[in-house]
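Number of protein chains: 2
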Amino acid sequence: MSKPYVIGMDMGGTNTVFGIVDARGHVIASDSIKTMKHSKFEDYVEDLHDAVIRLLKANDAEDKIKGIGIGAPNANYYTGEIVNAANLPWGDIVPLAESISKAFDGIPVGVTNDANAAALGEMTYGAAKGMKDFIMITLGTGVGSGVVVNGQVVYGHDGNAGELGHLIVKRTNGRVCGCGRTGCLEAYCSATGVARTAREFLEIRTDPSDLRNLQIEDITSKDVYDAAMSGDKLAKEIFDFTGKILGEAMADMVTFSSPQAFILFGGLTKSGDLLLKPLKEAFEKSLMPVFRGKIKILVSELKESDAAVLGASALGWEAKYHYQDTVKPADVPLVTEG
Amino acid sequence: MSKPYVIGMDMGGTNTVFGIVDARGHVIASDSIKTMKHSKFEDYVEDLHDAVIRLLKANDAEDKIKGIGIGAPNANYYTGEIVNAANLPWGDIVPLAESISKAFDGIPVGVTNDANAAALGEMTYGAAKGMKDFIMITLGTGVGSGVVVNGQVVYGHDGNAGELGHLIVKRTNGRVCGCGRTGCLEAYCSATGVARTAREFLEIRTDPSDLRNLQIEDITSKDVYDAAMSGDKLAKEIFDFTGKILGEAMADMVTFSSPQAFILFGGLTKSGDLLLKPLKEAFEKSLMPVFRGKIKILVSELKESDAAVLGASALGWEAKYHYQDTVKPADVPLVTEG
Numbered sequence: 329m330s331k332p333y334v335i336g337m338d339m340g341g342t343n344t345v346f347g348i349v350d351a352r353g354h355v356i357a358s359d360s361i362k363t364m365k366h367s368k369f370e371d372y373v374e375d376l377h378d379a380v381i382r383l384l385k386a387n388d389a390e391d392k393i394k395g396i397g398i399g400a401p402n403a404n405y406y407t408g409e410i411v412n413a414a415n416l417p418w419g420d421i422v423p424l425a426e427s428i429s430k431a432f433d434g435i436p437v438g439v440t441n442d443a444n445a446a447a448l449g450e451m452t453y454g455a456a457k458g459m460k461d462f463i464m465i466t467l468g469t470g471v472g473s474g475v476v477v478n479g480q481v482v483y484g485h486d487g488n489a490g491e492l493g494h495l496i497v498k499r500t501n502g503r504v505c506g507c508g509r510t511g512c513l514e515a516y517c518s519a520t521g522v523a524r525t526a527r528e529f530l531e532i533r534t535d536p537s538d539l540r541n542l543q544i545e546d547i548t549s550k551d552v553y554d555a556a557m558s559g560d561k562l563a564k565e566i567f568d569f570t571g572k573i574l575g576e577a578m579a580d581m582v583t584f585s586s587p588q589a590f591i592l593f594g595g596l597t598k599s600g601d602l603l604l605k606p607l608k609e610a611f612e613k614s615l616m617p618v619f620r621g622k623i624k625i626l627v628s629e630l631k632e633s634d635a636a637v638l639g640a641s642a643l644g645w646e647a648k649y650h651y652q653d654t655v656k657p658a659d660v661p662l663v664t665e666g
Numbered sequence: 329m330s331k332p333y334v335i336g337m338d339m340g341g342t343n344t345v346f347g348i349v350d351a352r353g354h355v356i357a358s359d360s361i362k363t364m365k366h367s368k369f370e371d372y373v374e375d376l377h378d379a380v381i382r383l384l385k386a387n388d389a390e391d392k393i394k395g396i397g398i399g400a401p402n403a404n405y406y407t408g409e410i411v412n413a414a415n416l417p418w419g420d421i422v423p424l425a426e427s428i429s430k431a432f433d434g435i436p437v438g439v440t441n442d443a444n445a446a447a448l449g450e451m452t453y454g455a456a457k458g459m460k461d462f463i464m465i466t467l468g469t470g471v472g473s474g475v476v477v478n479g480q481v482v483y484g485h486d487g488n489a490g491e492l493g494h495l496i497v498k499r500t501n502g503r504v505c506g507c508g509r510t511g512c513l514e515a516y517c518s519a520t521g522v523a524r525t526a527r528e529f530l531e532i533r534t535d536p537s538d539l540r541n542l543q544i545e546d547i548t549s550k551d552v553y554d555a556a557m558s559g560d561k562l563a564k565e566i567f568d569f570t571g572k573i574l575g576e577a578m579a580d581m582v583t584f585s586s587p588q589a590f591i592l593f594g595g596l597t598k599s600g601d602l603l604l605k606p607l608k609e610a611f612e613k614s615l616m617p618v619f620r621g622k623i624k625i626l627v628s629e630l631k632e633s634d635a636a637v638l639g640a641s642a643l644g645w646e647a648k649y650h651y652q653d654t655v656k657p658a659d660v661p662l663v664t665e666g
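Chains as they are written, first to last, in this note's numbering: chain A, 329 to 666; chain B, 329 to 666.
Same shape as in the complex, but just chain A:
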């Protein structure tokens, strides 16, 4: 009998959310544990395992899980490892797929980074349902991306494809980026980027703004949003600036894969037309003529809490990796590959 559920896990720096998901994309039940409180990865895996088992027992689903899909920062689809994740405390290389599969007696596990997981979620259950060519852009603390071509997530030869937040949008005097270079899209169009723009604008310019009532170093993208919504001109211009850069960069992305649509996701999309209007204008204007008027820009319709779990869960259905104890194969009864 084929198993009716998968588990989707969204591992963030603060929380790890997980849920039992059925084939139609319903989250049957979900729960979470704290990620950061575990200074040792082994303790984290043990806690996560116990919490998942509790959830499975409570929902009578212990023997019904086909696989586990995990979205995690810098997780590599091919190796199953987390590599150099800045906001996780467990060292440079974390054997994520291996450890989770082992903890769950060899169940198949698939991992990828959070933006790719989001793209899978949109394709399977969300705004990109039925699309074979689209680009997912996540606008959060950073700018992430998941590229789908011919119905497949593009992982590249080493699992590191889809780093469009690190396209260079400013070649000279660009802002320093977390990746060690300067001028990356992420340094301008993430939530953090919006806050940096606010600080730059306030320092360089002299026109009045409600934002001047705040401690300049504490300003967040939310502050800029609130000010813009109450009509603050400078705050609106910050969104114009952000949207223009993102729209121009997205027009460049089109020359690569000619997608049917972009799906935008993450905190910054809550700014709505403040961001989307200048973004769409710059996008259309910057496109090669052959692409104009043809490419949709959509905002994810998935609930933010569900989207990450759903996206990761999509990976669970086709997960291939499973831990095998080569010394005592008889101890690995739950292998359910295929």
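No lab work stands behind these hints: they were computed from the structure. Be careful, since some hints might not be right.
Any copy, or any two copies together, can satisfy a pair, since identical chains are not distinguished.
Calculated cross-link-like contacts (lysine to any residue; reagent style SDA-like; alpha-carbon spacing at most 25 angstroms) [to be verified]:
hint : residue 1 : residue 2
1    : 622       : 533
2    : 613       : 486
3    : 648       : 433
4    : 605       : 524
Once you've looked at the hints, dock chain B against the given chain A.
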């Protein structure tokens, strides 16, 4: 009995070269006709048909052709049409696949643009043999590209993917490009772009150069190459400038698909290290750290005359489109789909 050959056709603005190709990538025989002398597309197709039939007869291959693959400027893989090709005289939309298949009694025909055909050729017979993720860059009069992901050419949702010659490399005061915008890679790193750089350098600067002995408006990339090879400093700097822009743009392309390699092809690659040295330096320096030292930059090893025909022929093996006369199906005996 399965048919042992395909026909590959490379349609250029001046000549159309075609060849009979076997499954191992040997060009059994080839010939060409003039493209431009036909002001009517129907006449061109008729001439091409007659010339191909002559070649088939001469090689006893009339009943041995599985399909025809065609690389042509702006040819669309999905529609089989040539759309808005600037250097062809037959109007905005040319029904290429349909007309050729009809002329050859319904034989399956596959078409794509020349850069995608080159990518297929490299993957099937050339430097990218065995690679599943690479990017082909053609450096000729323009800059073309063919992107291969998971072993498949990326066509995008409408067949227009892979226009990386039109990535914007200069956002302000960029050069006018043939696509109607400004600042495109092609305006800098094509053979024409090199000549434009030469003219700009000679006008702006005052240092001596052999290039000053030439009529400034007639300077070609070949002139710049010759001067650089005889030690001309300014000519060398023109290649440094070109290589740096191309290397930086290629580093941006990597964030998209994390390719195993770039394959460079076309006239400008003959400049060798004059171009490749500054290109590779800028490329490595501009890459995100996670990609450094991992991505090959290769120059095509296929003979230029063969490469285009071979690339197009690769499309012939899997060509699906074939003309069917719905009024008189009995007149279409050569349908060999599958």
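Going through the hints against the structure:
| no. | hint | result |
| --- | --- | --- |
| 1 | 622 - 533 | neither (38 angstroms within a copy, 44 angstroms between copies) |
| 2 | 613 - 486 | between (34 angstroms within a copy, 19 angstroms between copies) |
| 3 | 648 - 433 | within (14 angstroms within a copy, 47 angstroms between copies) |
| 4 | 605 - 524 | within (21 angstroms within a copy, 37 angstroms between copies) |
In summary, the one numbered hint that this structure violates is 1.
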